[in-house]
Amino acid sequence: MTTDLTWIDTALKSARPQAVAALLRYFRGDLDRAEEAFQEACLRALQNWPEKGPPRDPAAWLIFVGRNSGIDDARRKQKHVALPEDDSLTDGEDVQDDMAERLDGAQYRDDILRLLFICCHPDLPNTQQIALALRIVSGLTVAEIASAFLVSESAMEQRITRAKRRIGEAGTEFATPGAADRTERLGVVAAMLYLLFNEGYSASGGEAHIRQPLCNEAIRLARLLLRLFPSEAEVMGLTALMLLQHARAAARLDEHGEIILLEDQDRSRWDAELIHEGLALLDKALRHKQPGPMQVQAAIAALHARAAKPEDTDWPQIVQLYTTLERMQPSPVIALNRAVAVSKAESPEAALDMIEPLGPALANYFYFFGVKGALLQQIGRDDEARVAFDRAIALARTPAEAAHIRRHLDQLSKTA
Amino acid sequence: MLYAILCYNDEATVEAWPKAKDDAVIAKRRIVTDKLAEQGKLGPILRLMNTTAATTVRYGAEPVVIDGPFAETKEQLLGLYVIDVASLEEAVEVARGMAGRNGDGGSGAFEIRPLRAFIPDTVKRETMIS
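Chains as they are written, first to last, in the working numbering: chain A, 12 to 427; chain B, 69 to 198.
Simulated from the structure, these hints should not be mistaken for lab results. Just so it is clear, the structure is predicted and the values come from calculations on it, not from any experiment. We put the CB at the ideal spot given by N, CA and C, even for glycine. Among the hints, a few may not be true.
Per label pair, the in silico range of CB-to-CB distance [stated by the list, open to error]:
#1 B:Asp152 - A:Ser165: 55 to 65 Å
#2 B:Ser155 - A:Thr138: 32 to 42 Å
#3 A:Gly64 - B:Leu104: 28 to 38 Å
Computed list of chain B residues with no C-beta within reach of chain A, every gap over 10 Å [stated by the list, open to error]:
#4 Ile73
#5 Ala92
#6 Ile99
#7 Leu148
#8 Asp152
#9 Ser175
#10 Asp189
#11 Thr190
The calculated DSS-like cross-link candidates involving lysine-lysine, where the alpha carbons are at most 30 Å apart (straight line), are [unchecked claim]:
#12 B:Lys89 - A:Lys63
#13 A:Lys24 - B:Lys89
#14 B:Lys87 - A:Lys24
#15 B:Lys103 - B:Lys87
#16 B:Lys109 - B:Lys89
#17 A:Lys425 - A:Lys320
#18 A:Lys425 - A:Lys355
#19 B:Lys89 - B:Lys103
#20 B:Lys109 - B:Lys87
#21 A:Lys355 - A:Lys320
#22 A:Lys24 - A:Lys63
#23 A:Lys63 - B:Lys96
#24 B:Lys96 - B:Lys109
#25 A:Lys175 - A:Lys24
#26 B:Lys87 - A:Lys320
#27 A:Lys24 - B:Lys96
#28 A:Lys355 - A:Lys300
Here chain A stands alone, though its shape is the one from the complex (with noise of 0.2 Å):
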């Protein structure tokens, strides 16, 4: 036997989902006993994997295992009675061959997107979902997130304890979804995970390589909800989307960390792989013909891979995917997004014009300001564009932000 054990590692972190998934149900919604049990059952996989090689299907084995294993828990705790030889439990393919029958693919896909969606709870702020389901659907340590969001552990511990407690008194509806339930679901999720890939893709300087692997993980998971769902065409749109903004990962930050923008990145050092499969992704998605946001956003995202060079990104399109964009999620922020478009596709003035009746509702967004300000560098009101980038400073949330407006308001004061 090989000593090197990595195997077991990628093994119970890939059937991690599915298993916790489907002990949570056996548990009836029970999230500390259905983690515990995983964990048992990990232990148990560790002393017996190296031995007896991987089972057939290595999520089976740990949910039977655990399951097992999480109710002599609960006996031990009743009455002290002792474990079962552990020969009964864990013989890999009698367990398998009595699991194999009553696990069918329909179940565990259901038990994942309910797994994912407990983490999307309504009343949970955003960071908390995000760090709920690297906890309990990625099996991150806190440790591991705590230094992703850059917050102490024992600050991170507290917020998911919370986030689990609020969960808890909230309930699980155990219920099979129905189809319209479904789809629901799955667009919750979807937002959540967009929202797990931007924590890190937004990320900068020092932060950058710590972050990354949350977009890593958004990606992994995004690939399992849509093996699960094959034929859902925006949960293919997210996967397309991640694998889109992720190929320009390498060419977005300087060796500062100081942010590039899409027209001034060397192109060559985007992923051309990536890309590839975003693209095919995208294209088997609209086939279905049923748009959605993230699909929407995707084709966006393809437009810019497309062009060899900045020039030759078809902007007309741009602006009218983020009309439909903004029919779909009216917001400002998706509106500013379309006037930088309309700058380049028509001009700077008719993108200042729509930006104008933004400003109340965009006041303290640094984007609103950066973009303002630019658009007024570009026709030559400097002194106009030197107060919105003095605004757009105030509200930077990162030093990579203020160092990127710096260096417009360095360009104004040459000119003047």
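Following the hints, put chain B in place on chain A, whose structure we already have.
For chain B alone, coordinates are given in the frame of chain A:
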């Protein structure tokens, strides 16, 4: 004799490999394939995209287009085509066009998978089966 070597592994596991590990695996295999290429014994190498990018055209009485990979186990892999078309729609049309041409009313499936990588062959054309 021409041989095809089909690669099987657990997709979720391979997908979870960090890029460095993936590169290392490819590099190890290239020790073999580079040598074959020098000897003119290497045909095209293709790497398929994830099964999530797959679309299956099932044929029987009527061709049916299904999202996802071919999932049955009672049929065997009998062959493959590589085509270069503009969109999945076009690829589906090609598969539909070939479906049901057996004339015996039999059933089967074409799984359409975009290619992740394609390295053209070094084998001399004249050695190919015509």
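For this session: Find the hints from earlier in the document that the structure breaks and name them by number, from lowest to highest.
Result: none
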